[in-house]
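These are the residues of each chain, in order.
Number of protein chains: 6
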Amino acid sequence: MQEETIQEFIQKAATLVEALPYIREFEGKTIVIKYGGSAMENPVLQRSTAEDVVLMRYVGMNPVVVHGGGPAINRTLDRFGIKPQFRNGLRVTDSETMSVVEMVLAGSINKELVSLLNVAGGNAVGLTGKDGNLIHAKQLEIDGGGDIGRVGVVTGIDFKVVDVLCGAGMIPVIAPIATDTDGNTWNVNADTAAGEIAASLQAEKLVFLTDTPGLLRDVEDPSTLIHQVRYKEVESLKAQGVIAGGMIPKVDACLRGLDHGVRKTHIIDGRIPHSLLLEIFTVRGLGTLVCH
Amino acid sequence: MQEETIQEFIQKAATLVEALPYIREFEGKTIVIKYGGSAMENPVLQRSTAEDVVLMRYVGMNPVVVHGGGPAINRTLDRFGIKPQFRNGLRVTDSETMSVVEMVLAGSINKELVSLLNVAGGNAVGLTGKDGNLIHAKQLEIDGGGDIGRVGVVTGIDFKVVDVLCGAGMIPVIAPIATDTDGNTWNVNADTAAGEIAASLQAEKLVFLTDTPGLLRDVEDPSTLIHQVRYKEVESLKAQGVIAGGMIPKVDACLRGLDHGVRKTHIIDGRIPHSLLLEIFTVRGLGTLVCH
Amino acid sequence: MQEETIQEFIQKAATLVEALPYIREFEGKTIVIKYGGSAMENPVLQRSTAEDVVLMRYVGMNPVVVHGGGPAINRTLDRFGIKPQFRNGLRVTDSETMSVVEMVLAGSINKELVSLLNVAGGNAVGLTGKDGNLIHAKQLEIDGGGDIGRVGVVTGIDFKVVDVLCGAGMIPVIAPIATDTDGNTWNVNADTAAGEIAASLQAEKLVFLTDTPGLLRDVEDPSTLIHQVRYKEVESLKAQGVIAGGMIPKVDACLRGLDHGVRKTHIIDGRIPHSLLLEIFTVRGLGTLVCH
Amino acid sequence: MQEETIQEFIQKAATLVEALPYIREFEGKTIVIKYGGSAMENPVLQRSTAEDVVLMRYVGMNPVVVHGGGPAINRTLDRFGIKPQFRNGLRVTDSETMSVVEMVLAGSINKELVSLLNVAGGNAVGLTGKDGNLIHAKQLEIDGGGDIGRVGVVTGIDFKVVDVLCGAGMIPVIAPIATDTDGNTWNVNADTAAGEIAASLQAEKLVFLTDTPGLLRDVEDPSTLIHQVRYKEVESLKAQGVIAGGMIPKVDACLRGLDHGVRKTHIIDGRIPHSLLLEIFTVRGLGTLVCH
Amino acid sequence: MQEETIQEFIQKAATLVEALPYIREFEGKTIVIKYGGSAMENPVLQRSTAEDVVLMRYVGMNPVVVHGGGPAINRTLDRFGIKPQFRNGLRVTDSETMSVVEMVLAGSINKELVSLLNVAGGNAVGLTGKDGNLIHAKQLEIDGGGDIGRVGVVTGIDFKVVDVLCGAGMIPVIAPIATDTDGNTWNVNADTAAGEIAASLQAEKLVFLTDTPGLLRDVEDPSTLIHQVRYKEVESLKAQGVIAGGMIPKVDACLRGLDHGVRKTHIIDGRIPHSLLLEIFTVRGLGTLVCH
Amino acid sequence: MQEETIQEFIQKAATLVEALPYIREFEGKTIVIKYGGSAMENPVLQRSTAEDVVLMRYVGMNPVVVHGGGPAINRTLDRFGIKPQFRNGLRVTDSETMSVVEMVLAGSINKELVSLLNVAGGNAVGLTGKDGNLIHAKQLEIDGGGDIGRVGVVTGIDFKVVDVLCGAGMIPVIAPIATDTDGNTWNVNADTAAGEIAASLQAEKLVFLTDTPGLLRDVEDPSTLIHQVRYKEVESLKAQGVIAGGMIPKVDACLRGLDHGVRKTHIIDGRIPHSLLLEIFTVRGLGTLVCH
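Protein chains in written order, with the numbering used here: chain A, 17 to 308; chain B, 17 to 308; chain C, 17 to 308; chain D, 17 to 308; chain E, 17 to 308; chain F, 17 to 308.
Quick caveat, the hints were computed from the structure, so don't treat them as lab data.
Just so we're clear, the structure is a prediction, and the values are computed from it rather than from any experiment.
Hints may contain errors.
It does not matter which identical chain is meant; a pair holds if it fits inside one copy or across any two.
Cross-link-like lysine to aspartate or glutamate pairs, in silico, DMTMM-like; alpha carbons within 25 Å at most [said to hold, decoys possible]:
#, residue 1, residue 2
1, K99, E112
2, K154, D174
3, K45, D179
4, K248, D163
5, K248, E43
Throw the hints in and build the complete structure from the sequences for me.
Following this line, the structure appears as structure tokens:
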């Protein structure tokens, strides 16, 4: 016992024993994870997040990853010399922009995440909403009319391909590109897509990896973290401006999931290494829990 | 009987009856199709080829599509201002070029083919060699040394993801991007990839859709089509220069397949609408059959 | 392309593409076919009908054949010197007649059809209503009383043996002989039996092969073919005498099927080679469709 | 205990306990039974034999019944006025005779046995060698040439239909009619057919129900019953004339079965009610055992 | 036929044929047997009862054995010098007594029964209510309060372990020891436990092996055996004192079973060898049938 | 982050990540654990060991527990007034002693372990070698002859019952009592039984929980722990007296396991809480590894 102290042993054992009931509880359950922010950009966090997802798979859960785009899209649009256009404050996605967005999401970011998961020992398979007709969408209607281009709202999920891959022990990694019966391409919000997929799969959990500690009462002050938000409190928190900006689609996706049988939804800090693992396998949990 | 002549009825019935033994013979069998050339570019041919693949699936075969790149890659490289470099007559694929090639193949061409098949009534799922660790490769060694960059040779196929998708009635559509245990990206020849995949699946058939009537004794004269090439004749036909240029990787892929249990391999004219259907379901067959 | 004209290729491809949605629609569906008339007597039509049934099986449908008797029964009764007797206009089937009828139906006609289907590449198995307790019947009661002998009305279908054989890829061929719990033999109307079997199997289609173009408004004039009869129109058409004679049990069997979940029922011209195939796999359809 | 004596109880219990190891031993095993003679003609024996077969099925065995023809065929040939012809001492079966034989075997005798088994509580399905392509045959060649007509020798068994029916808890009842790839009809020896079917199924037992106590050393003296014949003793017993006449095809069928994995073969006295049951479920056994 | 008379054959066959409908009726059905009294103590009866249970298993039933304690418990308590204590006329089971009772039931009697069944050719597995959390109980509340110790009443059955063992062809042998979520040990009445287990399994039959001919109108006179008791007659028979003493928990267990789907319940004379077999497989039945 | 320090988070995450490859490696694998010493006697260790076994089950392993006897047996023998007898230095186990040993092992210790595992959230089922005919033995022959009584050596393992229970997610807990075809009871060494069971199951691991740190070069000095012993070194270590006394049957059981496909065998310190968990899920491992 000279090499490793008894104290270390006790701590290790305690952690394993703490994780025990969660492994049991979540066996065979689906966990939808929305990747984004630093967890997707920072190499160290990329690796730790990939390890977390693979571990979830090893212990018998069905992790499903949904990712967004981020800086890479703008970099590529720049190189193509495509200038952003706006209408009613919303970015217009014309066909050419859509092609580039699809190419970057499906051909670059998605494949990078697949590789990260596979190098970590997983068996990941990248998908867009076109593959297996996974995500169907129609054009977003904007107030006051006007054509917003290829920005879509999700109209349906056919989760069979996700089910088949999970059933074979694989990890689906999904880019937020949708299609329709004519084969058109639609750009959908990744947070919303994650919510819809979690709802259709009646997932156990929906987890958003973000660059904040969670939902903050004062966005400048991490100590104002709200640990738990009840479904019925959301409206009032929006009215108070606590749920605002990029938090709105995330919280709405949580509600959408809760409406359709998702058990618990979480907004956690993706900047802490292994935050996903700690959220799932420890008593305390991290960030903000949104639940009934 | 006034509206449609008896004669038409007889012809229709004859065609259906002719197709009968083939539907029986190929039920549950895997057919690997290498898309390329006009069948991938021309809208009419795109549609007819997609219909053919979907029909094969409907009648119980397992079609697996492998595609190449084509003009879209060069157009995008141009827009990025990337200039082609050559070494020993081979194009050098540096990391930047590789990123663009992957983005176009996996994020643009692959998804377009998936959409075409889905609009035709199929349930297609796009893959690269990274997805499900499908295609592993290492760097191509070139004579005289020198670094050719991200050009790879296939070192292994893990066909599980293809198997799982076929088993669920879906159509895998594969871009010729490979990976390795470090998660690197390798560009592999699409013809070769098709051959390796057919070999690993012990496919019933491997079919190349090309822009020629098949293997021609005189490349200028379609009437010199060679209907059948025996495995053992290949070496001599290469020596005579009949098998040359772009035909070499195709014929080599045929041989590779035949070595590993593929029953028949075909090089057919993708410019004829429904050439795939006619090749599979009619007595005569089209193009060149390469077999033992 | 010198040997077979492009035009022929185009027509063949068009036929295959036309058949595509039907193959898809009917995969795994049960089609009950009532053989009779020329399709059962004429050698050319025997072969073409057998090919049609086998093709249906190949492409994944579950064809179930029900046949009647025809001239062979009378020829054999004649040779035995059995004279027909009538009561209330109905033929009396005494025990001796019943024995001969059963022998001819089950031992001669049924086995000939089984052989035809097997030579065409199928795997047919002949059954009577005794086999697997498939068809139960009781004595037909006639107006004014009187003993009509072994003429039965169907009281129940136990379709397990049909299900088991279809599930194993075989084609059940059924003679209209019924039984009861005492093991008695009953002669039942073949059209009625086909309707009951289709109803119990909740078949997709019930098709009668007849020696007329379908239901004719004027039985002498083929140009008066009624392409479609709605369920609710049947009573009125009977009152008008359009549905009369041998058409009555056929149309009644159609209604019986429709009552129990059969999707579509057809009365078609068995004198046209491959009429069954053309009915199933072409847009136009043949003969008369009876549906809701 | 006044109504039924203790003694009766003890005997009943003893019988059940004696049967125990046999029920265990034969669970899931196939037993091929060749019906013939009195067991097929006498109403009391018909019923008791049917009960025996159904009991075997109830306790988990897979009984398969093969039957012959008997007097009914000659009666029908007589009524048709067909006169027997002979060549080299063998009856010539011309096409017309064959039709009648098939009609009687498949349409009359076979269906009567099916009914008997079903009335006894079984679920029997009648088959000929045409059904499911079960028995293939070619013409018997006779010494000195000459055309013997439709007399066939078995060339192959495709037992799938038997397997499928047994697997569904049904009892196949097989008439000795064979076919070939052209759909011809062949009359085969029922004893031989039973042996071939038992061999192809690698049956546990093959049992012949006959009108003798078994193989007798002196055919006139039942007390000369041979209880057991070893495979290697057969040749010498034939040379001595002990195995002669109708016993030859039976014993040859036993040997054929033993060659292909049948465990035990029996020739027993079908004139004793429930002889089949007693043979299977009691220590002593009946008749003659032919084994390795 | 000189060695065994025809008469014996006829009787054997009759017994087997009589047993036939019962083997059919009970295939795959669960029969819960409460062992007790002489059937558990007398070596001859032990063997015959074990044979009966094994035969039931062989012919496809799922026998489940529940046993009580008997003299062995008192002998062991004596050797330990533990004196019985009573409260309100009920024996108090303190922890020490409970330990001894568990040790004797689970470690001695249960294992002896397992061995008896295995020597008879079965594959038995001994269980207590702790194994697989099979029987849950809480403390019995007694009138007027007071602590009765470890005497429990059943609060729930988790029959999974019984199901799994039956499904694998094994025979569960259950000692009436129960547990709770804290892992405590409770002594439950074996008759009651048998009733609860039969109810939870929705058994076909529940059979009590006792040392009386059944329920007697006059307990001194075997000729007053009541062959059948209807559910609704029980209350009145209790009021009359016909159902009294040790019969009360048995009859109550019968009613409990009948309430939850058990088809028939029996109280039979375990002193007659093979009484279980005769009850199950003969027309007459033994003892008293309690049913709806 | 004020409540739980970042440091703690990092340590927890590190432990979970360390455990990851082991959970993956051992999924679906069988681990045979020999309980004994303090881990079986000390309440704290009982609980922690039970938690460890249940965790193994939760993460998909198949733990199988084998236990010995210990002080409880002697206490009970004392209370019965049974005096130990010795022959050739071995304790003689007469029938009376055997009964007590069986009662204590199967009825007391085994059930206590089952309860411990069930309270910890498992689904344990207690077995002896009689249950499911699991362990067969014959009398141990001792040098110089003489009857050692009911001391047995294992002659065979029928692991079906263990397999069935593991397959249903249950945890078999096995007492070292064996049987034979006559139903006799044999006392076998628990270490040896564990080795035989691990060998028959071709377990991944065999782990002995002991009251020492492992195999010590100097039994008085824990710092002389031997971390790894190769199969081929065992003989020499025995000759040196390093492997001696109670270590001999343990090491021999390890070798027996290794001979039959067990991958790794361990002798670890059961006095450290969660030593089993730490051995399985951490890089370092505890105690002595015996391997090829």
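Evaluation of the provided hints:
In this homomeric assembly, K99 and E112 come within 25 Å of each other (Cα to Cα) both inside a single copy, at 11 Å, and across copies, at 23 Å. When the C-alpha separation of K154 and D174 is checked against a cutoff of 25 Å, the pair qualifies only within one copy, where the shortest distance is 15 Å, while the shortest distance between copies is 37 Å. Taking CA atoms no more than 25 Å apart as the test, K45 paired with D179 passes in both settings, with 12 Å inside one copy and 24 Å between copies. For the identical chains of this complex, K248 and D163 are neighbours neither inside a copy (34 Å) nor across copies (49 Å), given an alpha-carbon limit of 25 Å.
Taking the shortest Cα distances, K248 and E43 never come within 25 Å of each other, neither inside one copy (29 Å) nor across copies (42 Å).
Going through the hint list in order, the structure does not satisfy hints 4, 5.
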